[in-house]
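Colleague: These are the residues of each chain, in order.
Protein chains: 2
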Amino acid sequence: MGLESFIDVSPDSHFPLENLPYGVFRPKTICRESSPEVAAPRPGVAIGDYVLDLSVIASAGLFDGPLLKDSRCFNQPSLNLFLELGRPAWKEARATIQKLLSVDDSTLQEDASLRKKSLLPMNDVEMLLPVEVGDYTDFFCSMYHTKNCGTIFRGPVNPIPQNWFHLPVAYHGRASSIVVSGTNIIRPRGQGHPTGSSPPYFGPTKKLDFELEMAAIVGPGNELGKSIDIEEAYDHIFGLVLLNDWSARDIQAWESIPLGPFLGKSFSTTISPWIVTLEALEPFACDAPKQDPHPLPYLSEKRRINYDIPLEVLVKPAGEELASVVTKSNFKLLYWTITQQLAHHTINGCNLRPGDVLGTGTISGPDKESLGCLLELTWNAQNQLDLNGTARSFLEDGDEVIFTGCCQGEDYKVGFGTCTGKVLPAISIDK
Amino acid sequence: MGLESFIDVSPDSHFPLENLPYGVFRPKTICRESSPEVAAPRPGVAIGDYVLDLSVIASAGLFDGPLLKDSRCFNQPSLNLFLELGRPAWKEARATIQKLLSVDDSTLQEDASLRKKSLLPMNDVEMLLPVEVGDYTDFFCSMYHTKNCGTIFRGPVNPIPQNWFHLPVAYHGRASSIVVSGTNIIRPRGQGHPTGSSPPYFGPTKKLDFELEMAAIVGPGNELGKSIDIEEAYDHIFGLVLLNDWSARDIQAWESIPLGPFLGKSFSTTISPWIVTLEALEPFACDAPKQDPHPLPYLSEKRRINYDIPLEVLVKPAGEELASVVTKSNFKLLYWTITQQLAHHTINGCNLRPGDVLGTGTISGPDKESLGCLLELTWNAQNQLDLNGTARSFLEDGDEVIFTGCCQGEDYKVGFGTCTGKVLPAISIDK
Ligand SMILES: [Ca+2]
Ligand SMILES: [Ca+2]
Ligand SMILES: [Mg+2]
Ligand SMILES: [Mg+2]
Ligand code: NI
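Chain order of the listed sequences is A and B. In this text, residue positions in the first sequence follow the UniProt record's numbering: the first is 1, and each later residue adds one. In this text, residue positions in the second sequence follow the UniProt record's numbering: the first is 1, and each later residue adds one.
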């Protein structure tokens, strides 16, 4: 039987006492005639259908462990300061919160005034970005995705580049345009490949896609010039989120010779608001795929861990009521682990900072039903998907994309909630 | 004749009253036995061999124009808030500072106490990064550099990719590892291409290079989803700095298929501490190269402006006393202007923020003596450079690289100072 909270948590909830994911929220503005106040962002933890306001808990002096009792880390508009403290502080916070919310503890349970101040119905809060993102890196760690992209763009001969089995390939992404789940996605404009001798296409992208990814959120990080040893990489990862690396395939294909993706990606990247900690994911740890060839020593780890996190993508077509499942994949399919990604990222001395986002790359599986983006699912629009009677090759205006991910325990779940975004039409231009 | 300051400015100085570049500094710590204080970073302006402390000027109430009189923008550890205010505030600040430092004004000149507090010898300050960099983008705007790189890596047939003449190609860079001039550069470790069937090379890079670039520092920027019209792009650029995009060519070549440069660049990027404003550069504006084919409307501007900024790279080999000039180039050679770069960057709705850095890409000229990196100068180590008797193909430990750039007016200069870095040996590893 799972842990029991004094708060009623449905067995289907993503957020039981075993999970306790961290986010940043603000109470929704109560409209008053005279003073429309906007509440300050503050850290919170999800429990069932409630959010526990950690700034209130901290101000009440309930973080009384040695590492957190004098910390201001929960009186901040982001989790960055908490992330910087590292795993011992994270464990202390988790123990404190799990005890406070437990049915066996009276501190919060029997203090009606504190309960009212600190526990807010999820519907009454607005979720914000959980971290200030200094840098965002996107990896390319699914072998199936790599093989499919290679085949589509460069043909079936050696679709996986030679370097891919030796290092986790990655590129720098755009930090400024990372947005939280629920933010609308404006269809980007840009250039596409010219036909014949005419100038390049210019206009709204005709190939708007999602990419099913997850991302590691970096903890303490490292100084410039120092590398993080792979056996210590785990302690630099706070937790995971869902990530949608929205992609404009026509813009991307035309611009990215020879320096890689740029405007085809930088218009928006969506992450889920709740960071699920590695502590909460521990029961779902599993062996990562065997690697052949064996990686270089700096990428070799004693135990290669992935997590068994079933993932789903649903698309709700414009004007329709129902969302259709378009793919089912799993985080455990990744060839390069998040600890390998992090060790590789710092091997040249590059400094990671608290709150940095390391995207896994599109997580595709081996089957037709487990491909992580429309490019693969429709084979670059050669086929169409049937969404409950509506046909799609790429995304159309008004379509909504919904990611979800959830680990199944014996009698409880550890879930990520959803990561959603609705496509809005491109803005018009005069010139 | 140039403008005259009451401060003695040598005719060779990069920083006369016509320049007034902005930076962030802190007074050097005076060692005291009891309390080693570290002074707070604050904005300053260079004048001759002095730095004017803008936090002192602001606190004295001397920024009395309508836009700045109540602003806290000079009581900050970075210039970001000032950059956000936009060109009208920048012009007001420039007029105020130019007047205060002028021989014709008595306010500062005749206030010995304020002079002493606000004017610090450059030798007594430590220069810091002038901005907090949210995102760093590196463009690829020199046709000569593009052609040479293409020839070296892909052969002499069509060395310039087809897209290059239609858009300013770029990639996202790493913001965290941007450092200020004078910071030592630790030789990065990483993987290089394997030979035959052996595993990839791993160790310190054997092909450490510099890249002679400049960078535009972004002002107000734009909201996510909105583009900046090219005719308004100028007002979003505060000024320019020198930028050294240190590159490990072996790491870069092996890792960058298919997503572009990553660890071959992210170990360090150096910028000069002084941002020279577009106002100061105005007398050196010149026509940018004609473009054929004509760019798409969103990249077409009424007047295409570059600036005539002669640039030089010197290398001081390890153990030697003298630095040798290895290249002479010029900012005015760039095919894509900084306003085109900025308009392109936002055409997909990507948001720019104050303090963002837009690197131009390596600025190579048409001649052997004007190539902007060692890759080109030594044709990927096929040749060697003779540095006053010392031979170099790529950089060796202990080498120091010095960039400088300076516009020549009738009887004054508007210069950038230097952008320097010394190469330190790679850190060793146990595994
Ligand atoms: Ca991706
Ligand atoms: Ca570059
Ligand atoms: Mg993206
Ligand atoms: Mg760099
Ligand atoms: Ni960044």
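Rather than coming from a laboratory, the hints here were simulated on the basis of the structure. Incorrect hints may have been included.
To be verified - Listed next, the in silico DSS-like pairs over lysine-lysine satisfying Cα-Cα at most 30 Å (straight line): (1) LYS206/B / LYS226/A; (2) LYS226/A / LYS316/B; (3) LYS147/B / LYS28/B.
Stated by the list, open to error - Derived DEER-like restraints, expressed as beta-carbon distance ranges: (4) PRO297/B / GLY155/A: 30 to 36 Å; (5) THR29/A / PRO77/B: 29 to 35 Å; (6) ASP70/B / LYS69/A: 35 to 41 Å; (7) ASP124/B / PRO88/A: 38 to 44 Å; (8) ASP124/B / LYS99/A: 36 to 42 Å; (9) ASP70/B / THR29/A: 24 to 30 Å; (10) LYS290/B / ILE427/A: 27 to 33 Å; (11) ASN158/B / GLY389/A: 42 to 48 Å; (12) ASN184/A / ASP70/B: 32 to 38 Å; (13) LYS69/B / LEU3/A: 55 to 61 Å.
To be verified - For the chain B half of the interface with chain A, some residues (derived, Cβ under 10 Å), not all of them: (14) SER176; (15) GLY190; (16) SER256; (17) PHE267; (18) CYS350; (19) ASP356; (20) CYS406.
Glycine included, every Cβ here is placed at the ideal spot set by N, Cα and C.
Colleague: Against each hint, give a clear statement of whether it holds in the structure.
Modeller: Here is what the structure says about each hint:
no.	hint	verdict
1	LYS206/B / LYS226/A	holds, 19 Å
2	LYS226/A / LYS316/B	holds, 26 Å
3	LYS147/B / LYS28/B	violated, 45 Å
4	PRO297/B / GLY155/A: 30 to 36 Å	holds, 35 Å
5	THR29/A / PRO77/B: 29 to 35 Å	holds, 32 Å
6	ASP70/B / LYS69/A: 35 to 41 Å	holds, 39 Å
7	ASP124/B / PRO88/A: 38 to 44 Å	holds, 42 Å
8	ASP124/B / LYS99/A: 36 to 42 Å	violated, 54 Å
9	ASP70/B / THR29/A: 24 to 30 Å	holds, 28 Å
10	LYS290/B / ILE427/A: 27 to 33 Å	holds, 31 Å
11	ASN158/B / GLY389/A: 42 to 48 Å	holds, 47 Å
12	ASN184/A / ASP70/B: 32 to 38 Å	holds, 36 Å
13	LYS69/B / LEU3/A: 55 to 61 Å	holds, 58 Å
14	SER176	holds, 5 Å
15	GLY190	holds, 5 Å
16	SER256	holds, 7 Å
17	PHE267	holds, 4 Å
18	CYS350	holds, 4 Å
19	ASP356	holds, 8 Å
20	CYS406	violated, 29 Å
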